[in-house]
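**Q** Protein chains in written order, with the numbering used here: chain A, 1 to 456; chain B, 1 to 456; chain C, 1 to 456; chain D, 1 to 456.
No lab work stands behind these hints: they were computed from the structure. Check each hint, because a few of them may be wrong.
Copies of one chain are not kept apart here, so a pair can be met inside one copy or by any two copies together.
[Unchecked claim] Below, computed lysine to aspartate or glutamate pairings styled on EDC-like, alpha-carbon distance capped at 16 Å:
1. K456 <-> E266
2. K96 <-> E52
3. K145 <-> E352
4. K398 <-> E334
5. K48 <-> E374
4 protein chains.
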Amino acid sequence: MSLWAGRFKEDTNSLAKEFTSSISLDKKLYFYDIQGSIAHIKMLVKCKIVAENEAERIIKTLNSINEEIKRRKINLSGKEDIHMAIEEELIKREGKIGEKLHTARSRNDQIALDERLYLREKIEDIENLILEFQGTLLKLAEKNKTAILPGYTHLQYAQPLFFSHYILAYFWMAQRDRDRLGDCYKRVNVMPLGVGALAGTSLPIDRDYVAKLLKFPRITENSVDTVSDRDYIIEFLACLCLLMMHLSRLCEDLILFSSPALSFIEISDAFTTGSSLMPQKKNPDVLELIRGKTGRVYGALISLLTTMKALPLSYNRDMQEDKFALFQSTQEVERSLRICTLMLNNLRINREQMEKKAKEGFFAATDLVEYLVERGIPFRKAHQIVGKMVRYCLEKRKKFQGLTIKEYQSFSPIFEAGVKQRINLKRCVENKESSGGTGKKSVEKQIKLAKEILKK
Amino acid sequence: MSLWAGRFKEDTNSLAKEFTSSISLDKKLYFYDIQGSIAHIKMLVKCKIVAENEAERIIKTLNSINEEIKRRKINLSGKEDIHMAIEEELIKREGKIGEKLHTARSRNDQIALDERLYLREKIEDIENLILEFQGTLLKLAEKNKTAILPGYTHLQYAQPLFFSHYILAYFWMAQRDRDRLGDCYKRVNVMPLGVGALAGTSLPIDRDYVAKLLKFPRITENSVDTVSDRDYIIEFLACLCLLMMHLSRLCEDLILFSSPALSFIEISDAFTTGSSLMPQKKNPDVLELIRGKTGRVYGALISLLTTMKALPLSYNRDMQEDKFALFQSTQEVERSLRICTLMLNNLRINREQMEKKAKEGFFAATDLVEYLVERGIPFRKAHQIVGKMVRYCLEKRKKFQGLTIKEYQSFSPIFEAGVKQRINLKRCVENKESSGGTGKKSVEKQIKLAKEILKK
Amino acid sequence: MSLWAGRFKEDTNSLAKEFTSSISLDKKLYFYDIQGSIAHIKMLVKCKIVAENEAERIIKTLNSINEEIKRRKINLSGKEDIHMAIEEELIKREGKIGEKLHTARSRNDQIALDERLYLREKIEDIENLILEFQGTLLKLAEKNKTAILPGYTHLQYAQPLFFSHYILAYFWMAQRDRDRLGDCYKRVNVMPLGVGALAGTSLPIDRDYVAKLLKFPRITENSVDTVSDRDYIIEFLACLCLLMMHLSRLCEDLILFSSPALSFIEISDAFTTGSSLMPQKKNPDVLELIRGKTGRVYGALISLLTTMKALPLSYNRDMQEDKFALFQSTQEVERSLRICTLMLNNLRINREQMEKKAKEGFFAATDLVEYLVERGIPFRKAHQIVGKMVRYCLEKRKKFQGLTIKEYQSFSPIFEAGVKQRINLKRCVENKESSGGTGKKSVEKQIKLAKEILKK
Amino acid sequence: MSLWAGRFKEDTNSLAKEFTSSISLDKKLYFYDIQGSIAHIKMLVKCKIVAENEAERIIKTLNSINEEIKRRKINLSGKEDIHMAIEEELIKREGKIGEKLHTARSRNDQIALDERLYLREKIEDIENLILEFQGTLLKLAEKNKTAILPGYTHLQYAQPLFFSHYILAYFWMAQRDRDRLGDCYKRVNVMPLGVGALAGTSLPIDRDYVAKLLKFPRITENSVDTVSDRDYIIEFLACLCLLMMHLSRLCEDLILFSSPALSFIEISDAFTTGSSLMPQKKNPDVLELIRGKTGRVYGALISLLTTMKALPLSYNRDMQEDKFALFQSTQEVERSLRICTLMLNNLRINREQMEKKAKEGFFAATDLVEYLVERGIPFRKAHQIVGKMVRYCLEKRKKFQGLTIKEYQSFSPIFEAGVKQRINLKRCVENKESSGGTGKKSVEKQIKLAKEILKK
């Protein structure tokens, strides 16, 4: 018989019971549920609603229950949810005293508390994983500071870059991910307990005290909103979507870079797998799986947005679906970040190959334009001149470096003898010294700044 | 050491191994995998690639493995995937002979086969669950054929309906769901095995024979397409999205109908739950959860569409994510359909209350318009006349039935004494005898047709 | 001939030209594009790349072009994009001088600047619209401070609430929406111009000066990241999704409240529409459309997340699709907020009807539990006692108020004569004085706080 | 004053009017709306509800209105929707007679008819565009039947393929797209008119006659379902999502193939664009934009699924949002298909380069395994042998073709002198003669079958 069954004539249908049960998912929250209950009972003592000695027994028993669930000594299967499971266990052990725990609260605010406690921890975990990921990117950048990579737009050669500069692009994406999670944290970090089912309570409770015990800087302002709200999960999932989108781009790049046509990098055997049919294969499965899991996290976001759409206030049982989306995404993001960092730590960079490919195409075209601009040719005019040179080279199967100075001057008399030095590969990269550019000092400045950020 | 590890120097990192493993999900496919292997080995015998006595031993052992997995006697955890797990087990038991099983196939085509076999069965299961759901709707319609329900548009009273007609609307939605699944089945029911990793094989195999053994009417036409394709899952998920959308609308209606302000229906205690705080509560949790799970199925569709977007041909490991989306959705849809049907079987209909509410508002307004139209007033004019009558009634706090014939005639001289009989509630419903309308004969025709459909 | 066509032999196919053109969408950005160009040319002067008198002519002409586009005097159709359209117009008017404008920038950073300028303004616009919306909610709360509404969970009566408390729930949701937009703004408000196509430039530019001119507090750190990044739009869309989700819930509530079965509110005729067929109808179309548009904004978010998934660095043309998602959503959110606020300003509240319905059900059940708890009965025991009372009342068709004190005491001897005063409707609402509860002082505190927030 | 305004006291707020108006979108449906009206009025004549001469005038005027809208001679802006706009225009011209048109129908069934007529045509259009696309793929396959392409899995070399076989993979995807659209068509092709607002009508109409006039094979079965249903659009959008997913994969492949590292293909200048900054660039913008537009179509699907989720029956104004999703997606899919086909028609294939790359890696590894299997080595053993050969070659920087027969035999004594002939590139492709494989005859069979399909 359920704890809430006083008014019911028929017992819940067994299929319905199984269908509505959330224990298979929310058992993950037992620790947070118990911490919340302990803070709650302490507050009830402070407010003289429950006696101190009763509270002590409740706390002791809750701690035992926590320990036993951890060691899998309590069978949770078949329970309605983690809140009921723990309260039932408490009442089984402590009788009437245990029956006092649920005073002035409801499962509606209790689950919100559990989820917020869980999320606070998970945001911190993910922030730390991002930090490690950033640290690895930074190390990779430093180790390969002057390796030259062909930079792409539209997957066509664009301009050469320092590999360090390229890889730091992901550092800044990750930095935004941490920023966003930090902002999300502020909205997660608000204490919901004590709003009852939706209306508050007439009992003289002290919600601020619970907040203090659980280290929340503030409490929610409106009881109806509190039990109806899942913004904190949706915002978190949106942050994860952006994070996974970034990882999917990194994986795409690394899959391309490790493809035989480029061979810029080699992923360690330890992070690839073979084929059951083709013995020569070495596949970047880890990268592909991370890229594929992006779909799962997007799906989680859209699933919870859908579930919450047009729900009337206040609590509705639909909201129970939040846990599936939340737990799945959190787990996959944590796994993806961890393995991605590990894989990056084991990456081999093939500098010669990168540099070789960086020399293909007309990597110096923009530098030639800038050369002309420096000598007073209007930019758009300079762009046309170099455009014609490209066409000429394509027809003659030549490269800029292979043209004679006469040929140069046939396109513009401005060209001088030194032009070819000006456009050698290394110089084309190093001289992009505008702020945020791929130039040498510019990248060094970036690395310095990145280091400072990680130190904080 | 992995079966494919011949060319590798380093062993797979343990985290990478766990990350890339799909066994926790695809173990669900063991039965289909083994059926596929048995058909495959039979074909290899027919094509003289494997000896008959070898095949017999392989088949016998595969059947034992099947039985043992079913009884959970084989520990699958830690394996890379279900294909490797079974092949390894076979080789462990049968040595060299077992090593012949994977001839002329790859995991790329094997997983496609397993999934298609699984999907065939699941589509049939879901079609059957829809059939039961339709049967229950039909029974409900027959049992309450003449109960009168206020029909809504925009959640405002529109015109009265027979409850049977209203509930049959869901019958036709479900019918489309079955139609769609049937069409999807045609595209699922195509045999993929024997295309190898992507190119086919030089061995003289007979794919049509495998198709025959596994009761597929045809085989896939192109090996590259075959291993790159997950259309069959995405189309299936799209079918499930529409199905869940329909269930979400039914649940929404039933939640409204069972809300205290309407009380048109009562959901059996067995399908509701109470509140941990408010002892008077009886909540339609089952309905809310079905409605909420719509989000999960939408999310699954978008997750797989995302994963497949812009994947280069042919197979990529990203595609492994399909199973999560597929299994989750299938399970939740099956559970939702089953419980929804059961709940409908236990629904109490409150005819008096429905009829009472159906009389509110100006339910006969459209009938008055039609009354005038029958007497030659142009429709748009008639609409205006009745519009003014509504406004008059609102101001005078009267109803159509309460107006005197004089008052009627003050709006149009066309009104005759009999008008009030014409617009009594029952008649307003019964006389909508246009095809597909809520009229009495029209509903009976619908019920007859629905019965014939279910008989097939 | 295109400005970039120097190296091309064939002209762009006319269908391809039309397909790749973005002018139909990005013409909306002309103003921001021109502001950006003016700041850019001023910087080029400061850095001695362009002469002051040339810059003056360019600025003057750009201002004229801005004015003429505003007055629709320049035909933009057929152009590739707004950047090219303006530059071409400039060159047409200023010749060689105009050809200098594009020095040290690319369309890749230019579009990022335009979008960020646009977004800064739009975030401010939407924040202001939310402020007005919050102001209206607050006014509505103050005007109806003591109106009593039945509070729902699961669309079943739960506990009575002050209408003001209920409507303030939306105030706090909106407050989170503003908070989130404010956080998003920080990441939008970063200056991207001057990173070139992807690598930076060798010309001695000063990006910080451009930032200063355009009032950006900082510049982007990495050129590759800068041109590859659309996080700022996706995060903005995620904020809008949550905002629309909130509006969809408000609309759902108001649709329910204005449905004939409840009639808690009346939406002004000015915000409803009629039926082409049923003359009595008055439909809450505005509310339904806002609710429906939630789908459009969710779709925009998923569309851009999809587009960006697994794009290799750096810029790819796929990213051009961002504008469709961005402009559509922004427009619909602005329209929805504006009309929603206006509609709320014209809402009529039906206090009597609300109060009548609030008395239905066993609204005081939780208060009875609290009554018992106050007198020392353990909560869970008290819950059971009241649960049995509810069942007794249902069987006897009685209400709490209708029971004799003897009947009360038959459930628990603790009940005393005063119990019925304790559970009158008004008192049940007023006494929920826990922080954030629906109690009188608690709501007043909320209103005070809300006012302070709006004043800032 | 609106045609439905009889009962209203206040006029619609101008902002609300603009907000609820759908004319900017649904004006696209004018032609279908008028065809529907003409069929409707003919039926009213047949059923003796309207006189023949009146109908003739109505039809004549409707035809004029159609012509004038086509020539943009009627100003539609400011109207509520296309139905009202046309009816008002008719009444303006024909007075009382025009007022008869809307007899026995409502906008709820009228819009369903318009959309179904539109969709029938659009499905046919898209089917034809797919046919052309398939025709182009087939031509490309025939023209390059024996060009050899490195086949990829995981973007790593897997096995060589005929280019024709690879490109035909897309033929079969497109074939499934047409199949699915054909199945969708069956459910679109059902006549909805005559169900009124939701209940049917008491007037003696003949819906089957309307169906016959408009060439629908059957009519909808239930009036409530008919006006609540948007399955036909959602199913259509799901078909388009799969289609765009296929195009996104083709574009991804072609972007890779045209990247400088591969240079397998060259996209005609006419379908590429340049850079405003980098004069050497030639970017596959058309391909990228198609790939990017996949997001837009996914977004449309999710937007309508969201909008329809949990809508109570029957019609709600939220459903008006369907048109935005429908029209946008249809337009973008048509444009994408058209330009993609054109681009393929102008593709240059670089056979030498493909073949050169196909020889890289250990393309013959699987053939070596099959060689051993043919000679009695169990597959898994053979796989290991060749795996070790690959590792040996990698260490010695050799290729299979470069090993001596002695070296071969050091891995297995089974190897014979002829092994190297067996594994030359051409033979490795040609001999995959299993059904659906890349073998020569197998591809010829495919081409033959594809031709037959297109002929139908």
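**Q** Hints first: check each against the structure and report whether it holds.
**A** Status of the hints after comparison with the structure:
In this assembly of identical chains, K456 and E266 lie within 16 Å of each other by CA distance neither inside one copy nor across copies; the values are 33 Å within and 50 Å between. In this assembly of identical chains, K96 and E52 lie within 16 Å of each other by CA distance solely inside one copy; the values are 15 Å within and 73 Å between copies. Taking the closest pair of Cα atoms, K145 and E352 come within 16 Å of each other only inside a single copy of the chain (14 Å); across copies the shortest separation is 37 Å, beyond that limit. Taking identical chains as interchangeable, the C-alpha atoms of K398 and E334 are never at most 16 Å apart, the minima being 50 Å within one chain and 41 Å between chains.
For a Cα distance limit of 16 Å, the shortest separation of K48 from E374 across copies, 10 Å, qualifies, whereas the shortest one inside one copy, 81 Å, does not.
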